[in-house]
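Undergrad: Chains as they are written, first to last, in the working numbering: chain B, 779 to 939; chain R, 779 to 939; chain S, 779 to 939; chain Z, 779 to 939.
A hint or two may mislead.
Same chains, same label: a pair holds when it works inside one copy or across any pair of copies.
[Stated by the list, open to error] Listed below are the simulated DSSO-like cross-link pairs for lysine-lysine, each with C-alpha atoms no more than 30 Å apart in a straight line:
(1) 938 <-> 876
(2) 938 <-> 813
(3) 852 <-> 938
(4) 938 <-> 874
(5) 829 <-> 852
By construction, these hints were calculated from the structure, which means they are not laboratory data.
There are 4 protein chains.
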Amino acid sequence: MRLRVISTGGTIDKVYFDAASSYDVGDPQVEPLFKEANVTFEYVIESVTRKDSLAMTDADRALIRERVEVSPEKLILITHGTDTMTETAAALATIKDKVIVFTGSMLPARFRTSDALFNLGCAVGALQVLPAGIYIAMNGQIAPAHTVRKNRAESRFEPKA
Amino acid sequence: MRLRVISTGGTIDKVYFDAASSYDVGDPQVEPLFKEANVTFEYVIESVTRKDSLAMTDADRALIRERVEVSPEKLILITHGTDTMTETAAALATIKDKVIVFTGSMLPARFRTSDALFNLGCAVGALQVLPAGIYIAMNGQIAPAHTVRKNRAESRFEPKA
Amino acid sequence: MRLRVISTGGTIDKVYFDAASSYDVGDPQVEPLFKEANVTFEYVIESVTRKDSLAMTDADRALIRERVEVSPEKLILITHGTDTMTETAAALATIKDKVIVFTGSMLPARFRTSDALFNLGCAVGALQVLPAGIYIAMNGQIAPAHTVRKNRAESRFEPKA
Amino acid sequence: MRLRVISTGGTIDKVYFDAASSYDVGDPQVEPLFKEANVTFEYVIESVTRKDSLAMTDADRALIRERVEVSPEKLILITHGTDTMTETAAALATIKDKVIVFTGSMLPARFRTSDALFNLGCAVGALQVLPAGIYIAMNGQIAPAHTVRKNRAESRFEPKA
């Protein structure tokens with residue numbers, strides 16, 4: 779198994795810079811988390827944007843789409859902020875020949891308590907079994923991306939009404 | 779989605795009791811880890827044995843098999859020590875109508891650095907997508923249980939030669 | 779031994795709110811950290827401000843001073859943002875009959891890797907041994923507050939030139 | 779400030795080796811914990827024994843005593859298992875010209891939740907302020923070593939009756 783990780787930023791990659799007393803999106807956390815999990819599959823990690831998903835533009839989404847299209851790997855894991863994860867997924871909707879799973883986290887991977895490691899595992903577990911399509915893996919559930927939405931008040935994803 | 783977790787012990791549940799200065803198998807860690815991941819599916823957790831997998835007997839395996847067979851849930855996640863995970867999986871081989879995924883961890887879930895949370899996520903992600911069968915989810919890879927073995931020197935699972 | 783903790787905010791108490799995708803100063807982290815350390819001394823925790831120390835005003839400092847002055851406890855631990863810790867300490871300089879130790883952290887207490895727990899321990903260890911005065915406990919060193927400054931580029935405290 | 783750390787083993791240094799499914803005393807954890815705390819004082823770490831404190835012999839205690847006596851540093855931090863910490867302290871009782879602080883932890887430093895980092899901080903904070911003598915720093919309290927004992931049932935230190 780070989781997969782490509784496209785890192786776009788979001789809460790999962792948030793770090794804290796004390797000197798500026800500001801928080802910002804840092805290096806992709808997928809690399810250290812995969813090492814912590816001692817994964818044995820092959821992977822490449824590509825950092826495409828480093829943004830809060832609320833800051834993501836159409837140009838960013840076009841770039842992400844292009845990177846997915848030219849990827850020689852069929853299995854694509856996209857780490858992304860949760861606020862506009864479904865919008866970026868929609869921008870990829872016409873890609874037909876790849877298995878694309880989005881995930882992210884509600885709390886930064888660097889926190890002692892975080893959903894990041896579980897979510898990454900969940901996405902990886904599903905990615906290698908799913909048929910081609912575009913999915914979201916959050917809160918332990920795998921769903922076609924167009925069928926879910928973020929419930930911001932509850933900090934979780936749920937089926938669209 | 780609703781799944782049954784059958785907890786059998788193993789490293790993932792190892793705790794440390796200072797008074798006795800000994801390490802032992804504690805309560806199932808699945809419960810706090812699922813809460814940390816803020817999962818939204820339904821689940822029940824059943825603690826069947828609390829053993830190092832090297833200590834597991836035929837009677838233990840018969841009991842695990844019975845608990846799987848009587849489970850009303852079709853999706854079964856079994857947390858298990860890694861040393862004899864494949865043997866317990868073999869004891870379930872003739873169960874045909876359920877999706878059964880084994881997982882565990884090389885380092886206790888209570889450690890700051892551990893593969894437990896990722897492995898659980900990986901198992902949950904695959905479980906809901908896989909056809910009926912018996913699988914092992916370790917090191918980020920999902921495989922039919924009879925096709926893999928633990929490489930003890932390398933602390934990972936790999937395909938059987 | 780009995781001590782009063784005056785919590786004023788700062789990085790040590792930083793939390794992350796996903797819905798707003800913003801970081802902010804949360805509840806005093808001293809309480810859960812003292813529980814984690816299983817401390818056996820008596821203490822009260824008083825939350826006076828919840829601010830980044832760069833946002834702290836003269837009025838805030840007057841309030842902190844008043845709270846210290848009226849404290850029936852002689853031993854005072856003040857958790858504070860690092861950027862203006864020495865300025866708040868200077869505002870207390872004429873208080874003569876109490877042992878006052880400031881501490882904080884460069885990384886939030888909620889991070890997997892943080893100096894928060896060590897710094898709190900260091901402050902508590904020194905507080906019960908020091909003579910009356912105003913001190914800063916950062917980077918494992920206890921110093922009279924007016925003798926040190928934050929080196930922002932290096933993210934540590936050092937003796938004033 | 780310059781201090782010598784004498785590491786003797788104990789729970790604070792406990793690690794977990796999966797291949798053997800056993801727990802054992804590993805490398806001194808003081809080094810990574812000091813780095814996590816970003817300490818700025820000078821220190822040397824000397825690993826003298828790697829033992830559960832229940833396994834410590836008179837010969838071990840004689841060795842620890844010798845290492846303290848020949849230390850050029852006046853400030854000595856000894857990490858030690860909690861069960862016989864007071865006995866090793868008693869073996870050093872006639873050393874008059876050094877400040878010696880014992881600490882350790884009830885839960886391994888590698889656990890997500892542990893008293894190790896706080897206890898180390900507490901010992902370091904007190905060490906640089908205390909007069910010559912032999913002390914124990916546990917549960918946030920500094921006490922002359924001969925005045926306390928471990929309450930095993932409660933997993934904490936307390937004054938001798």
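Undergrad: Determine for every hint whether it applies to the structure shown.
TA: Right, here's what the structure says about each hint:
1. For a Cα distance limit of 30 Å, the shortest separation of residue 938 from residue 876 qualifies both inside one copy, at 24 Å, and across copies, at 29 Å.
2. For a Cα distance limit of 30 Å, the shortest separation of residue 938 from residue 813 across copies, 23 Å, qualifies, whereas the shortest one inside one copy, 35 Å, does not.
3. For the identical chains of this complex, residue 852 and residue 938 are neighbours both inside a copy (28 Å) and across copies (25 Å), given an alpha-carbon limit of 30 Å.
4. For the identical chains of this complex, residue 938 and residue 874 are intra-copy neighbours only, at 23 Å inside a copy versus 34 Å across copies, given an alpha-carbon limit of 30 Å.
5. Taking identical chains as interchangeable, the C-alpha atoms of residue 829 and residue 852 lie at most 30 Å apart only when both belong to the same chain, with a minimum of 25 Å there against 40 Å between chains.
Consistency note: the structure conflicts with none of the earlier hints.
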